[in-house]
Each structure stands twice: as C-alpha cells, then as structure tokens.
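Trainee: Spelled out, the chains give:
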Amino acid sequence: MLLETTDIKINGEALSELPQDLYIPPNALEVYLETFEGPLDLLLYLIRKNNLDILNIQMAVLTDQYMLYVEKMKAIKLELAADYLLMSAMLIEIKSRMLLPKPEEVEDEDDPRAELVRRLMEYEAMKLAAQELDEMPKVGGELQVAHAYYQHVAEIKPPEVSVDDLVAAWKNVLKRAKLNSHHKLGRAELSVREHMSIVLRRLQSEGMCEFSELFDHGEGYLQKLVVNFLAILELSKEGLVKITQQAAFSTIYLQVNNAE
Amino acid sequence: MKELDKIAEMKQVLEAALLTAGQPLSLEDMLKLFSSRVERATLRMLLDELKQDWEDKTMELVQVATGYRFQAKAHLSSYIARMNPERQPKYSRAVMETLAIIAYRQPVTRGDIEDIRGVAANPNILRQLIERDWIDVVGQREVPGRPSLYATTKHFLDDLNLRSLSELPQVEDFSQTGMPLDA
Amino acid sequence: MKELDKIAEMKQVLEAALLTAGQPLSLEDMLKLFSSRVERATLRMLLDELKQDWEDKTMELVQVATGYRFQAKAHLSSYIARMNPERQPKYSRAVMETLAIIAYRQPVTRGDIEDIRGVAANPNILRQLIERDWIDVVGQREVPGRPSLYATTKHFLDDLNLRSLSELPQVEDFSQTGMPLDA
Numbered sequence: 534m535l536l537e538t539t540d541i542k543i544n545g546e547a548l549s550e551l552p553q554d555l556y557i558p559p560n561a562l563e564v565y566l567e568t569f570e571g572p573l574d575l576l577l578y579l580i581r582k583n584n585l586d587i588l589n590i591q592m593a594v595l596t597d598q599y600m601l602y603v604e605k606m607k608a609i610k611l612e613l614a615a616d617y618l619l620m621s622a623m624l625i626e627i628k629s630r631m632l633l634p635k636p637e638e639v640e641d642e643d644d645p646r647a648e649l650v651r652r653l654m655e656y657e658a659m660k661l662a663a664q665e666l667d668e669m670p671k672v673g674g675e676l677q678v679a680h681a682y683y684q685h686v687a688e689i690k691p692p693e694v695s696v697d698d699l700v701a702a703w704k705n706v707l708k709r710a711k712l713n714s715h716h717k718l719g720r721a722e723l724s725v726r727e728h729m730s731i732v733l734r735r736l737q738s739e740g741m742c743e744f745s746e747l748f749d750h751g752e753g754y755l756q757k758l759v760v761n762f763l764a765i766l767e768l769s770k771e772g773l774v775k776i777t778q779q780a781a782f783s784t785i786y787l788q789v790n791n792a793e
Numbered sequence: 122m123k124e125l126d127k128i129a130e131m132k133q134v135l136e137a138a139l140l141t142a143g144q145p146l147s148l149e150d151m152l153k154l155f156s157s158r159v160e161r162a163t164l165r166m167l168l169d170e171l172k173q174d175w176e177d178k179t180m181e182l183v184q185v186a187t188g189y190r191f192q193a194k195a196h197l198s199s200y201i202a203r204m205n206p207e208r209q210p211k212y213s214r215a216v217m218e219t220l221a222i223i224a225y226r227q228p229v230t231r232g233d234i235e236d237i238r239g240v241a242a243n244p245n246i247l248r249q250l251i252e253r254d255w256i257d258v259v260g261q262r263e264v265p266g267r268p269s270l271y272a273t274t275k276h277f278l279d280d281l282n283l284r285s286l287s288e289l290p291q292v293e294d295f296s297q298t299g300m301p302l303d304a
Numbered sequence: 122m123k124e125l126d127k128i129a130e131m132k133q134v135l136e137a138a139l140l141t142a143g144q145p146l147s148l149e150d151m152l153k154l155f156s157s158r159v160e161r162a163t164l165r166m167l168l169d170e171l172k173q174d175w176e177d178k179t180m181e182l183v184q185v186a187t188g189y190r191f192q193a194k195a196h197l198s199s200y201i202a203r204m205n206p207e208r209q210p211k212y213s214r215a216v217m218e219t220l221a222i223i224a225y226r227q228p229v230t231r232g233d234i235e236d237i238r239g240v241a242a243n244p245n246i247l248r249q250l251i252e253r254d255w256i257d258v259v260g261q262r263e264v265p266g267r268p269s270l271y272a273t274t275k276h277f278l279d280d281l282n283l284r285s286l287s288e289l290p291q292v293e294d295f296s297q298t299g300m301p302l303d304a
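Protein chains in written order, with this note's numbering: chain E, 534 to 793; chain R, 122 to 304; chain A, 122 to 304.
Bound conformation, chain E alone (with noise of 0.2 Å):
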C-alpha cells in the first residue's frame, strides 16, 4: 500500500489508518514519523493502535513496538531527539521489573507502571485540550470583532496642574525675585487677597456697594468679616477701591476707584 504525504493527518484518528507492518516508503516514513510531538505521543498511538488498556498496560507488547519505531527513526537518520531514547530506557526498565516476583500485596503504587500510566494521561488530556483550544474560534480568525470608524476629533485635555506643581512655581518665583521676603504668605494673607478679588468681581459688576452689603452673614461669619475687612482696607491702600461716606455714622460706599 503506497501512502501518499498528503495523507497524513496531524490527530490521531488518521495515524490508525496506517498500516500495521511499516511498509512505507522511505520519505513519507520521516514524515509520518515526524508527526508524533515526542515519546509520549508515539506511545499512546501504540496504546491505540493495538487496543491496549492504558490501566493494565502489556509492557511487553508496548515496549516491542515502541522500540520497532525507534529503530525505524534510527535507520531512516531521523534526527533522534534524546527523549525517544530516554523513553526506550524507561520502558526496558518497567518492563524488567514486571518480571520480578510480584509482593503479597499489590498496591497501586508499587505497579511498576504507575509513573509512565500517570504521565500518558496528563498528557493525552492536555494534547486534546489542544486540539480544543485550536478548534475554537479565535479573534483574528473566525471571530470577528466589531471596528466601525469613527471621526477621530482631537480631544485634547489641556495639562494637568497640582497644587504641589503650583506652590512649586511659587517658590521658584520666590527664590529669583527676593520679593516681599519679609514675611512669609500665611493663610490669613490668602484669604485676604482672594477676598480683595471677590469685592473687586462684585464692584466691577454692581458698580457702587454698600459697605454692609458685602458682608454675608452666613457660616463663618466672624472669620470672613475680619478677612473681608482686611482685604477691603488693603484694597484701599492699594488704591483699587474708593471708600465714601457722606457723613459720620452714614452709609459707607465702595466703588471701584474710577479715574475720572
């Protein structure tokens, strides 16, 4: 029977067709040889191919074949990996100690075969698990995943800026400058010049203010009254606001300090 390279089959359902006897020709038998991923692989075909019970394995029969194959992969100058070899001794080894008188009672652990039948199944589960991995369908192949257009608009966030990059600049600026060194920028100080801005925002839109009116009186009444106060008289000082009173004990007015 001539068997042609194109027909054999990477699983090994088409491995089993092959013929019993190895009458193959030379270049199809590296091959087919070739197909097998390593020892355990050609083991279990073996274990297949002659119906043998992988729980009650016949060394002797197991052993013969497997040692058929590796001379057949040794004659034909396959590039034999170690692993085959190892095997080979592995198996002679069970194989020998099978002979030996049998103890009283047999445990599952004393079975010479136990290792190798250990090892055969994990393997089997994981080469079908690989034939299950590589019959699913997989991004880039059978499954197609939705990548419609769209517009890319240049949605740019403008940097971000922490308090810790700004009091950084801050102390930069403090270090060339030697401004105001005198004293250093409390919180109070903060508060007063953010208040000045909040007067100046109001005047600039209501034009004139009452005095009293820029004082709310909700939470934390106090403390913003003496903040509001202080920053209205640095506001002053600085000649931003104009304060006008009529008279004594009349309405105090502010407005900004307007040149004209």
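Treat the hints as calculated values from the structure; they're not laboratory data. Heads up, the beta-carbon is just placed ideally off N, CA and C, and yes, glycines get one too. Do not rely on the hints blindly, as some may be mistaken.
Unchecked claim - Pairwise CB distance ranges (calculated):
hint: 1; chain 1: A; residue 1: Arg158; chain 2: R; residue 2: Ser147; range: 38 to 46 Å
hint: 2; chain 1: A; residue 1: Lys172; chain 2: R; residue 2: Glu130; range: 21 to 29 Å
hint: 3; chain 1: R; residue 1: Lys178; chain 2: E; residue 2: Glu668; range: 33 to 41 Å
hint: 4; chain 1: E; residue 1: Gln788; chain 2: R; residue 2: Lys178; range: 34 to 42 Å
hint: 5; chain 1: R; residue 1: Glu288; chain 2: E; residue 2: Lys770; range: 21 to 29 Å
hint: 6; chain 1: R; residue 1: Thr163; chain 2: E; residue 2: Glu668; range: 30 to 38 Å
hint: 7; chain 1: E; residue 1: Glu739; chain 2: R; residue 2: Gly232; range: 25 to 33 Å
hint: 8; chain 1: A; residue 1: Gln227; chain 2: E; residue 2: Leu633; range: 20 to 28 Å
hint: 9; chain 1: R; residue 1: Arg284; chain 2: E; residue 2: Ser745; range: 23 to 31 Å
hint: 10; chain 1: E; residue 1: Gln684; chain 2: R; residue 2: Ser147; range: 18 to 26 Å
hint: 11; chain 1: R; residue 1: Arg161; chain 2: A; residue 2: Gln227; range: 46 to 54 Å
hint: 12; chain 1: A; residue 1: Val259; chain 2: R; residue 2: Arg165; range: 51 to 59 Å
As the list claims (entries may be wrong) - Here are the simulated BS3-like cross-link-like pairs (lysine-lysine), alpha carbons at most 30 Å apart as the crow flies:
hint: 13; chain 1: A; residue 1: Lys172; chain 2: A; residue 2: Lys127
hint: 14; chain 1: R; residue 1: Lys194; chain 2: A; residue 2: Lys172
hint: 15; chain 1: E; residue 1: Lys628; chain 2: E; residue 2: Lys582
hint: 16; chain 1: R; residue 1: Lys172; chain 2: A; residue 2: Lys211
hint: 17; chain 1: E; residue 1: Lys690; chain 2: R; residue 2: Lys127
hint: 18; chain 1: A; residue 1: Lys127; chain 2: R; residue 2: Lys275
hint: 19; chain 1: A; residue 1: Lys275; chain 2: A; residue 2: Lys178
hint: 20; chain 1: R; residue 1: Lys194; chain 2: A; residue 2: Lys194
hint: 21; chain 1: E; residue 1: Lys582; chain 2: E; residue 2: Lys605
hint: 22; chain 1: R; residue 1: Lys153; chain 2: A; residue 2: Lys211
hint: 23; chain 1: A; residue 1: Lys211; chain 2: R; residue 2: Lys178
hint: 24; chain 1: A; residue 1: Lys132; chain 2: A; residue 2: Lys178
hint: 25; chain 1: A; residue 1: Lys194; chain 2: A; residue 2: Lys172
hint: 26; chain 1: R; residue 1: Lys194; chain 2: A; residue 2: Lys127
hint: 27; chain 1: R; residue 1: Lys172; chain 2: R; residue 2: Lys132
hint: 28; chain 1: R; residue 1: Lys194; chain 2: R; residue 2: Lys172
hint: 29; chain 1: R; residue 1: Lys211; chain 2: A; residue 2: Lys153
hint: 30; chain 1: A; residue 1: Lys194; chain 2: A; residue 2: Lys132
hint: 31; chain 1: E; residue 1: Lys671; chain 2: E; residue 2: Lys690
hint: 32; chain 1: E; residue 1: Lys582; chain 2: A; residue 2: Lys211
hint: 33; chain 1: A; residue 1: Lys178; chain 2: R; residue 2: Lys127
hint: 34; chain 1: R; residue 1: Lys127; chain 2: R; residue 2: Lys172
hint: 35; chain 1: E; residue 1: Lys770; chain 2: E; residue 2: Lys757
hint: 36; chain 1: A; residue 1: Lys172; chain 2: R; residue 2: Lys172
hint: 37; chain 1: A; residue 1: Lys211; chain 2: R; residue 2: Lys194
hint: 38; chain 1: R; residue 1: Lys132; chain 2: A; residue 2: Lys194
hint: 39; chain 1: A; residue 1: Lys211; chain 2: E; residue 2: Lys671
hint: 40; chain 1: A; residue 1: Lys132; chain 2: R; residue 2: Lys132
With chain E held as given, fit chains R and A onto it using these hints.
Mentor: This is chains R and A only, laid out in the frame that chain E set:
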C-alpha cells in the same frame, strides 16, 4: 421567496463584514464574501439598502476612496473620543509661574507679574489661562494705562480641588525672617 | 420624558462606542463616555438593553475577560473569514500543546511543560505565545535557578471569547476508561 431570503442573508453578511472590517472594503473585497457569483450591480443595490437601513441609527455607511465603511455619526464621535483623550504636554515654567503669582498675589496686573518674574510677560500666557477659565479680569488699576487686574476664578479652585485659596500650602519664605501677617 | 431622551441618547453613545472600539470596553472605559456621573448599575442596564436590541441582528454583544464587545454572529463569521483566508497563521501542534498546558495547569515553568509533553521545549514556542500576548511570566518558582512561571493573559481569554479560565472546555483523558484524571 427563496430569492428574497438569499438577498436578506447577503445583506446580513455584508453588514457584519463592514462593521468588523476595521478598514474600508472595496467591491472586490465584498465579492469574496459570497461563494456564488454576485453582480456588482446587486452589491451596489444591497449597499444602498444598507445605507437606508441605518439612516436613523448610530452609524452611517459612507463611501471613501478605497471603498465602503460604517462610521459613527458625527454627533457621536466626540463622545467616543472622550475615552482616549490626548493630554497636552505640561505647562511651561513661565505659565506655571504666572499662575502662581496670580494665585498668591491677586489681584495683580501684567506689570506686577513682570516685576515679580523679572521678565516681560508673553501675552499668550495670560490668554491661555483665561481660555482655561482659571483667571479673569476683576478690575483695572487706576494708574496710567488702567492695566487689568487678574485674579483666579472659582473654576481654578475646583480644578485644583480646593475650596478656597487659603487651602493653598503656606510657602516658607527663603529669608525666614518673616513676620507672619496673621501673628 | 427628558429622562427617557437622555437614556436613549446614552444608549446610542454606548452602541457607537462599542461598534467602533475594535476591542472589549470595560465599564471604566464606558463611564468616560459621559460627562455626567453615571452609575455602574445604569450602565449594566443599558448594556442589557443593547444586547436585547441586537438579538435578531448581525452582531451580538458579549462579555469577555476585559469587557464588552460586539462581534459578528457565528453563522456570519465563516463568510467574513473568506475575505482574508490567510490572516491567521495556524499554530503547530507543539505550540498548541504548550498553550494548553499553560492554560490548564498554570502557573507552570518550562520544565513542567517539558515533563508533561515528554520533549525538550523549543524556546521559540514560548516566544511566539508571548508575542501574541496570550501568555506571560507571572513570577518565579523558588527553586534553584528560579525558573519563570508562565500563565495565560486576559487577552488570551478575550481572543477565545471567554470571560474566565473556568469557561475553558472540559477535557477528559482516556474517556473510554472512564477514569477521572486526578484519581
């Protein structure tokens, strides 16, 4: 009836192919979808129908140089762009120092800023900060030229997660001889 | 009425984002689409509605390891695959077995893989899988030589349409003997 089924199925295949392509599909590409022979005219008709099917939906089927593609309607694109915003590089030192001066010394004029920094101010810097709504003009100083007075805004406080300026860290003066204002 | 409009609009934005993403979107990604605060529960509800809206259409909304995505319905996939028959290189058995061992027995060292397969591992195999972003190094085993421990990535789950490793197909060894693997 059979023909109609086939047409409906072809439209489905076309729609799915166009939605998943990731690039425009040419008529040649689309002809490969079908094992049977399909006329270009048929394909064009199907594309036309698809276009109409999607008229009031989230995508539109458009023809570009290399073929056809589905694209998100314009008004939805800006939302999608939000997922991958590009962040601008950091602000320059000049911008940061200007901002710090306005924050710590407000209200200040451009002249004040120049005095403190010791260099002429680039008007572009103030414009950037105004556009970001971090500073604004709160008045004018009554000196010749009536220069604008700048202060930080509420929006600035929000963006830096501050309730008020007084939450800014106190900066120890390098001279450390200072007499604190709130003493 | 106003609220309904808003919900309808949000669903449109979500649909457009998912149809254009080209990869799964996490809930975090999707929350970025909206400037206003949106609850995760609302998002999940909208995704559920979207899923139902598309039930009889060409795409399906699925959840995988890293998020949600629209993908072509299975019966349409084979048509689409015809367009690019050679896009995905088929991996060798050695690669697939190595992948299976890492997927089912992770975390494993190269030595573990060699023990199970019974052959020396070709370093090229692990490299291929790492390049595909299907596996990565998750640590070292504390034995002499400190060999790398390999595990599958979330991207691997995404690509195989899985939410978690527990969804991997169950594998029975030597099923004809009916003996459980771990006996």
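Trainee: Are the hints correct? Go through all of them and say.
Mentor: Hint-by-hint comparison with the structure:
{"no.": "1", "hint": "A:Arg158 / R:Ser147: 38 to 46 Å", "verdict": "holds, 44 Å"}
{"no.": "2", "hint": "A:Lys172 / R:Glu130: 21 to 29 Å", "verdict": "holds, 23 Å"}
{"no.": "3", "hint": "R:Lys178 / E:Glu668: 33 to 41 Å", "verdict": "holds, 35 Å"}
{"no.": "4", "hint": "E:Gln788 / R:Lys178: 34 to 42 Å", "verdict": "violated, 59 Å"}
{"no.": "5", "hint": "R:Glu288 / E:Lys770: 21 to 29 Å", "verdict": "holds, 25 Å"}
{"no.": "6", "hint": "R:Thr163 / E:Glu668: 30 to 38 Å", "verdict": "holds, 34 Å"}
{"no.": "7", "hint": "E:Glu739 / R:Gly232: 25 to 33 Å", "verdict": "holds, 27 Å"}
{"no.": "8", "hint": "A:Gln227 / E:Leu633: 20 to 28 Å", "verdict": "violated, 39 Å"}
{"no.": "9", "hint": "R:Arg284 / E:Ser745: 23 to 31 Å", "verdict": "holds, 25 Å"}
{"no.": "10", "hint": "E:Gln684 / R:Ser147: 18 to 26 Å", "verdict": "holds, 21 Å"}
{"no.": "11", "hint": "R:Arg161 / A:Gln227: 46 to 54 Å", "verdict": "holds, 51 Å"}
{"no.": "12", "hint": "A:Val259 / R:Arg165: 51 to 59 Å", "verdict": "holds, 52 Å"}
{"no.": "13", "hint": "A:Lys172 / A:Lys127", "verdict": "holds, 19 Å"}
{"no.": "14", "hint": "R:Lys194 / A:Lys172", "verdict": "holds, 20 Å"}
{"no.": "15", "hint": "E:Lys628 / E:Lys582", "verdict": "holds, 20 Å"}
{"no.": "16", "hint": "R:Lys172 / A:Lys211", "verdict": "violated, 36 Å"}
{"no.": "17", "hint": "E:Lys690 / R:Lys127", "verdict": "violated, 49 Å"}
{"no.": "18", "hint": "A:Lys127 / R:Lys275", "verdict": "holds, 29 Å"}
{"no.": "19", "hint": "A:Lys275 / A:Lys178", "verdict": "holds, 28 Å"}
{"no.": "20", "hint": "R:Lys194 / A:Lys194", "verdict": "holds, 23 Å"}
{"no.": "21", "hint": "E:Lys582 / E:Lys605", "verdict": "holds, 18 Å"}
{"no.": "22", "hint": "R:Lys153 / A:Lys211", "verdict": "holds, 21 Å"}
{"no.": "23", "hint": "A:Lys211 / R:Lys178", "verdict": "violated, 38 Å"}
{"no.": "24", "hint": "A:Lys132 / A:Lys178", "verdict": "holds, 17 Å"}
{"no.": "25", "hint": "A:Lys194 / A:Lys172", "verdict": "holds, 12 Å"}
{"no.": "26", "hint": "R:Lys194 / A:Lys127", "verdict": "holds, 17 Å"}
{"no.": "27", "hint": "R:Lys172 / R:Lys132", "verdict": "holds, 11 Å"}
{"no.": "28", "hint": "R:Lys194 / R:Lys172", "verdict": "holds, 13 Å"}
{"no.": "29", "hint": "R:Lys211 / A:Lys153", "verdict": "holds, 22 Å"}
{"no.": "30", "hint": "A:Lys194 / A:Lys132", "verdict": "holds, 21 Å"}
{"no.": "31", "hint": "E:Lys671 / E:Lys690", "verdict": "violated, 36 Å"}
{"no.": "32", "hint": "E:Lys582 / A:Lys211", "verdict": "holds, 28 Å"}
{"no.": "33", "hint": "A:Lys178 / R:Lys127", "verdict": "holds, 16 Å"}
{"no.": "34", "hint": "R:Lys127 / R:Lys172", "verdict": "holds, 19 Å"}
{"no.": "35", "hint": "E:Lys770 / E:Lys757", "verdict": "holds, 19 Å"}
{"no.": "36", "hint": "A:Lys172 / R:Lys172", "verdict": "holds, 22 Å"}
{"no.": "37", "hint": "A:Lys211 / R:Lys194", "verdict": "violated, 37 Å"}
{"no.": "38", "hint": "R:Lys132 / A:Lys194", "verdict": "holds, 14 Å"}
{"no.": "39", "hint": "A:Lys211 / E:Lys671", "verdict": "holds, 11 Å"}
{"no.": "40", "hint": "A:Lys132 / R:Lys132", "verdict": "holds, 24 Å"}
Checked against the numbered hints given earlier, this structure breaks hints 4, 8, 16, 17, 23, 31, 37; the rest are met.
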